[in-house]
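Order-wise, the sequence lines are chains R, D, L and G.
Under our numbering, the first residue of the first sequence carries the number 6, and numbering increases by one thereafter.
Under our numbering, the first residue of the second sequence carries the number 6, and numbering increases by one thereafter.
Under our numbering, the first residue of the third sequence carries the number 6, and numbering increases by one thereafter.
Under our numbering, the first residue of the fourth sequence carries the number 6, and numbering increases by one thereafter.
Keep in mind that a hint or two might mislead.
[Claimed, not checked] Just a few of them, taken from the derived set where beta-carbon distance is under 7 Å, the chain L residues facing chain G: (1) Ala10; (2) Ser11; (3) Gly20; (4) Leu22; (5) Ala23; (6) Gly27; (7) Glu154; (8) Lys158; (9) Asp232; (10) Gln261; (11) Thr278; (12) Cys284; (13) Pro286.
[Claimed, not checked] So the derived list for chain D, only partly shown, Cβ under 7 Å to chain R, looks like this: (14) Gly134; (15) Gln280; (16) Pro286; (17) His288.
Since the hints were derived computationally from the structure, they do not count as laboratory data.
In this text, a Cβ means the ideal position worked out from N, Cα and C, and glycines have one as well.
So you can see what is in the structure, the chains are spelled out below.
There are 4 protein chains.
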Amino acid sequence: MQNEASAWFTEHVSGTLAQQFGVESILYRGKSRFQTVEIFETLAFGKMLVLDGKVQSSEKDEFIYHEALVHPAMVTHPNPERVFIAGGGEGATLREVLVHRTVKKATMVDIDEEVIRLCRELLPSFHQGSFDDSRAEVFYVDALKYLKETEEKFDVVILDLPDPVEGGPAYLLYTQNFYRLLKSRLKEEGVLCLQSGSTCIGMSQVFTAVNHTLGTVFAKVFPYETDVPAFGGAWGFSLASEALDPLQLTPQEIDQRISTRCRQPLRFYDGLTHQGLFCLPKHIREELNREKRVITENEPILV
Amino acid sequence: MQNEASAWFTEHVSGTLAQQFGVESILYRGKSRFQTVEIFETLAFGKMLVLDGKVQSSEKDEFIYHEALVHPAMVTHPNPERVFIAGGGEGATLREVLVHRTVKKATMVDIDEEVIRLCRELLPSFHQGSFDDSRAEVFYVDALKYLKETEEKFDVVILDLPDPVEGGPAYLLYTQNFYRLLKSRLKEEGVLCLQSGSTCIGMSQVFTAVNHTLGTVFAKVFPYETDVPAFGGAWGFSLASEALDPLQLTPQEIDQRISTRCRQPLRFYDGLTHQGLFCLPKHIREELNREKRVITENEPILV
Amino acid sequence: MQNEASAWFTEHVSGTLAQQFGVESILYRGKSRFQTVEIFETLAFGKMLVLDGKVQSSEKDEFIYHEALVHPAMVTHPNPERVFIAGGGEGATLREVLVHRTVKKATMVDIDEEVIRLCRELLPSFHQGSFDDSRAEVFYVDALKYLKETEEKFDVVILDLPDPVEGGPAYLLYTQNFYRLLKSRLKEEGVLCLQSGSTCIGMSQVFTAVNHTLGTVFAKVFPYETDVPAFGGAWGFSLASEALDPLQLTPQEIDQRISTRCRQPLRFYDGLTHQGLFCLPKHIREELNREKRVITENEPILV
Amino acid sequence: MQNEASAWFTEHVSGTLAQQFGVESILYRGKSRFQTVEIFETLAFGKMLVLDGKVQSSEKDEFIYHEALVHPAMVTHPNPERVFIAGGGEGATLREVLVHRTVKKATMVDIDEEVIRLCRELLPSFHQGSFDDSRAEVFYVDALKYLKETEEKFDVVILDLPDPVEGGPAYLLYTQNFYRLLKSRLKEEGVLCLQSGSTCIGMSQVFTAVNHTLGTVFAKVFPYETDVPAFGGAWGFSLASEALDPLQLTPQEIDQRISTRCRQPLRFYDGLTHQGLFCLPKHIREELNREKRVITENEPILV
C-alpha cells in the first residue's frame with residue numbers, strides 16, 4: 006500500500022499498541038498549565054485535538070463521539086432544560102446539547118482555559134459557534150470545586166473528560182465520591198452521562214470499573230458503546246439515573262423526540278442507533294458482571 | 006506512557022492511517038505462492054496472522070470476528086447441515102461451524118495450502134483441531150473453480166476472504182458474478198454470509214459496494230457490524246438470502262437455538278449481541294443507501 | 006528516554022532501515038513537476054528539505070555537507086574563476102562557491118524551478134542571499150541539455166544531485182556518458198566534484214559504482230567521505246580531474262588558500278579536515294577496489 | 006521505496022531522533038539484573054545486541070566499532086602484554102585484543118553475567134571463541150570495585166561501556182575519579198582507550214565532556230572518531246596516555262606493527278585508517294576546545 010503521508014503522529018493506546026495518523030500540518034504544539042496540547046491536520050481524520058498524547062476528537066468522526074455522549078441522556082429525559090457539562094473543551098458537546106430546543110441554560114466548566122481558547126480559534130467546525138449561544142455559560146474552574154459550591158440542580162449532567170492519566174487534570178473526577186456529588190446535583194428525574202473509556206478486549210479496565218462504581222451510587226446504570234474510529238475502536242459510555250431508563254423508549258419514540266425537540270437533523274443518533282448502543286456483546290456484559298472494583302480517591306484508576 | 010515493546014509490527018490500514026502492535030517474537034516470515042505470510046506473537050493480542058501485510062486475526066479477539074461471521078447465518082438457518090467455507094485458513098471459521106451439532110459436512114476451500122499448513126502448526130488455539138473433525142473436508146483450490154464444478158448445494162455458505170488487494174488471491178471473489186454463482190449453489194432456504202470490510206468512516210467503500218452488489222443478486226441483504234479490536238475498529242459483515250430474515254428472530258429464540266444446537270457455550274454471540282449487530286448507526290445506513298456501485302470483474306474493487 | 010516529539014517524519018534509507026525525525030511543524034508539503042517536496046521544521050536538525058522522501062539537507066548540519074562537497078575541489082584548483090553547479094536547489098552549494106573571491110561567475114542549473122522558489126522563500130539560512138549575488142546565474146533546465154548546448158568551459162563543476170531514484174529527475178546524470186560530457190566541459194586544470202551516495206556498509210553500491218565509472222573517464226579520481234548526521238551516517242563524495250591531485254596539498258597549504266581566498270571563515274573544512282576526508286577506512290578502499298560496474302544509460306544505477 | 010520489513014525495532018537516539026531496523030526475528034527479549042536485554046536478527050545489520058534500548062553492536066559492522074576501539078591503543082603501545090577490559094559483553098573487544106600476539110593475559114570485567122551468557126550462546130560470530138582463549142579471564146563484578154582491589158598494572162586498559170544512562174550500570178565509570186583510578190592502574194607506558202559517545206552535531210555532549218575530563222587527569226588525550234553505521238553516524242573514542250602519542254607513528258609504521266603482531270588481517274584498521282581517525286573535522290575540534298565540563302560523581306553525565 007502506497008503511503009500518502011511522510012509525517013505521522015503516533016498515539017500510544019497502551020504500552021503495547023499504537024495508532025498512527027498521517028499528518029498534513031501541525032496547527033499547534035504547546036503546553037497549557039494542565040497538559041500538553043497538540044492540534045494536527047491529519048490526512049485520514051481532518052483536524053484532531055490531542056491532549057497529553059491522547060486523541061480527544063477528530064473533525065471527521067467527532068459527530069459520532071459527541072452525539073453518542075450527549076443524545077441518549079438528553080432524549081431519555083422528558084424535558085431537559087438545565088444542563089451541566091464538565092470538560093468538553095472543543096465546544097462540540099455544548100453544541101450537541103444546544104441542539105435541543107428544550108434547553109434553557111447550559112453550563113460548561115473546563116479547567117483549561119487555554120485549551121478552550123485554542124479550540125475556539127483553530128477548531129471552528131467543532132464548536133460551530135456554540136460558545137456564543139446566549140443559553141451557554143463557560144467557567145474555567147475545576148468541575149469538582151464548582152459543583153461543591155453551586156446550589157443549582159440539573160436535569161442532565163455530562164462528563165466529557167480526558168482519560169484518568171497520572172498527574173493529569175481529570176483522575177479525581179473518576180471516583181465514587183465525585184459520582185455522589187453529581188447525584189446530589191441532579192434533579193429527581195436527572196440523568197448523568199459520561200464517556201467511560203475503551204471497551205476493546207484487554208483495555209476495558211476503566212470502562213468496567215467506572216460502571217461498577219456508578220452502580221454503587223445510582224439506582225440504574227446503563228453502559229453502552231459505539232465505534233469511534235479516531236479512538237481506534239469501540240468506546241464506552243455510561244448513563245446513570247435514579248428514575249429514568251433509556252431502554253423503555255422504543256426506536257419510534259426516540260425518533261419522535263428528536264424530530265420534535267432538535268433544531269437540526271442528527272447524523273449518528275436515531276432510534277435504531279439508540280437500540281444498538283445498549284446491546285453490548287456478550288463478553289463485555291460478562292466483563293461488567295465480573296468487575297468488583299470501586300474507584301476512590303485513595304485507589305484511583307489510571308490508564 | 007511507558008513503552009513495553011521495542012519491536013513493532015505496523016499495519017497500514019490505508020495510506021494515511023496505521024496501527025502498530027508491539028511484538029514479542031516473530032514466529033514466521035515468508036511467502037507462499039499467493040501472498041506474504043507473517044505470524045507474530047504480539048504483546049497486546051497474542052498470536053497474529055498477517056497476510057500481505059494485513060491482520061487476518063489475533064489470538065485474543067479472533068473469537069469476536071469468527072463468531073460474528075459464522076453464527077448469525079448458522080442460527081438464522083432452521084437446520085444447517087451442509088456448509089461451505091471459502092478461505093478461513095486459520096481453521097477458526099471451520100471450528101465455529103462445527104460447534105453446531107446440526108452440521109453433517111463442512112467443506113472448506115482455501116487456495117493457499119501453505120497458509121493452512123502454517124496455521125495448523127503455529128496457531129493451534131485458532132483451529133482447536135477442527136481440521137481433524139470427521140465432518141470437515143479441506144480442498145486447496147480456487148473457490149471459484151470449485152463452486153463452478155461442484156453440483157452440490159449448501160445450507161450455509163461463508164466467505165472468510167482476505168481483503169480485495171491488487172494482485173492478491175481474493176479480488177475476483179468480490180464480484181456480482183461470483184455472488185450469482187453462490188446463489189446458484191445455495192438451497193432454497195440457504196444463507197450466505199461474509200466479512201465485507203471496514204465500516205469506519207472514510208474507509209467503508211468495500212462494505213457499501215459489497216452490500217449494494219449483493220442486493221442486485223439476492224432478495225434480502227442484511228449488513229451488520231461489530232468492533233474487532235485487532236482490525237482497529239468496526240468491521241462489517243453481510244448476510245444474504247432469498248428466503249430467511251435474521252431480524253425475525255427474537256433474542257430469546259436465538260438463545261434457545263444456541264443452547265439446543267451448540268456443543269459449547271459461545272463467548273461473543275447470543276440473542277442480545279445478535280440484536281445489536283444489525284442496529285447500524287444512522288450514518289452507516291445512509292452511506293449504504295447512497296451507494297450505487299456494482300462490483301464486476303471489469304470494474305473490481307480494490308483496497 | 007522521554008519522547009519530546011509526537012509527530013515524526015520517517016525516511017526510509019533502504020527497505021530495511023529508516024530514520025525518524027521529530028517534527029515541530031510542516032512548512033510545506035506538495036509536488037513539483039518532477040518530485041514530491043516537503044519542508045519540515047524538525048526538532049533535532051531544524052529546517053529540512055525532503056525530495057521524493059529523501060533528506061536533502063538540514064539547517065543544522067548542511068554546512069558539513071555543502072562545505073565537504075564544494076571546498077576540496079575549489080581549494081585544489083589553483084584559481085577557480087568559472088564554476089558550474091548542477092542541482093543544489095537550496096542555494097547552499099552556490100553560497101559556498103561564492104565564498105571564494107576568485108570566482109567570477111557561477112552558473113547553477115536546476116531543472117526544478119518550484120524547488121528553488123520554495124527554498125528561496127522558506128530556507129533563507131541555506132542560501133543566505135546567494136541567488137542575488139551578481140556573480141550568480143540560475144537556469145531552470147535539464148543540466149544534461151544545458152551542458153550539451155553550451156560552449157563554455159569551467160574550472161570547477163559541482164554535481165549536487167538527488168540520489169538516482171527510479172522515475173526521478175537525476176538518474177541519467179549518474180552515467181559514464183554524462184561524466185564524459187562533463188570532462189569535455191572542463192578546462193585543462195578543471196576539477197569535477199560530486200556527492201556520490203552513502204558509504205555505510207551494505208549501502209555503498211552507488212558510491213563504489215560512481216567512483217569506478219568516473220575512473221573509466223578521468224585520469225584521477227579521489228573518493229572521500231564524511232559523516233553527515235541528517236543523512237544517518239557517512240556520506241561519500243568524489244573529486245575527479247585530469248591534472249590536479251588534492252593529496253598533493255599539505256594541511257598548511259590548504260589553510261593558507263582558505264585564508265587568502267575565502268571571504269569568511271569556514272566551519273567544517275580546513276587543512277586537517279581535508280586530510281581526514283581522503284583517509285577512507287580499509288574496508289571501504291577494498292570495496293572500491295572490488296567494484297567493476299560501469300553505469301550507463303542502458304544499465305543505470307537506482308537506489 | 007518498497008519496505009522489505011514489517012516488524013521494526015526503533016532506537017530512540019534522543020528524544021527527537023530515532024532509527025528503525027527491520028527485524029527478521031527476535032532472538033531474545035528479557036531483563037538481566039542490571040538492564041533490559043534484546044537480541045534481534047535485523048535485515049540490514051544481522052544480529053544486534055540492544056541494552057536498555059540502545060544498540061550496542063551489530064553483526065555486520067561490529068568490526069568497525071571494535072577495531073576502532075582496540076587497535077589504535079594496542080598498536081600505539083610498543084609491546085602490549087597485559088590488557089584490562091571493562092565491559093565488552095559481546096566478547097568482540099576481547100577477540101580483537103587477543104589478535105595481538107604480544108598479549109600474555111587479558112582480563113575482562115563485566116558486571117552483567119547474564120549478558121555475557123546470552124552473547125556466548127547467541128552471538129558466536131561476535132566472540133569467535135575468545136572467551137575460551139587460554140590468555141583470557143573474565144570476572145563478573147563491578148569494574149570500579151575490581152580495579153580498586155587489584156594490585157596489578159596494565160599496559161592497555163579498554164573501556165567498552167554502555168552509555169551513561171540514568172539508573173544504568175555504567176554512569177559512575179564516566180567520572181574524573183574513575184579516570185584517576187585507571188591512571189594509577191596503568192604502567193608507565195600504559196594507554197587507556199574508550200568509546201566516548203556520538204560526535205554528531207548536537208549530540209556530542211558526552212564526547213566533549215569525557216575528553217575534557219580525561220584531560221584533567223592524563224598528560225595527553227587524543228579524541229578520534231569513525232562512522233559506525235548501526236549507531237546511526239559518527240562515533241567518538243578517546244586514547245589517553247602519560248607517555249605515548251599515536252600521532253607519532255607513520256602509516257607505514259602502523260602497517261608494519263600490524264603485520265608483525267597480529268595473528269590475522271584486520272578489516273577496518275590500518276595505517277591510513279589510523280591517520281584518518283585522528284583528523285577530526287574543524288567544528289568538532291572547536292566543540293572540544295569550548296568544553297569546560299568536568300564529570301564527577303556529584304555531577305555525573307547522563308544521556
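Structure-based check of all given hints:
no., hint, result
1, Ala10, "5 Å, holds"
2, Ser11, "11 Å, violated"
3, Gly20, "4 Å, holds"
4, Leu22, "4 Å, holds"
5, Ala23, "4 Å, holds"
6, Gly27, "4 Å, holds"
7, Glu154, "34 Å, violated"
8, Lys158, "32 Å, violated"
9, Asp232, "4 Å, holds"
10, Gln261, "15 Å, violated"
11, Thr278, "5 Å, holds"
12, Cys284, "3 Å, holds"
13, Pro286, "5 Å, holds"
14, Gly134, "23 Å, violated"
15, Gln280, "5 Å, holds"
16, Pro286, "5 Å, holds"
17, His288, "5 Å, holds"
Of the hints listed earlier, those the structure fails to meet are numbers 2, 7, 8, 10 and 14, in rising order.
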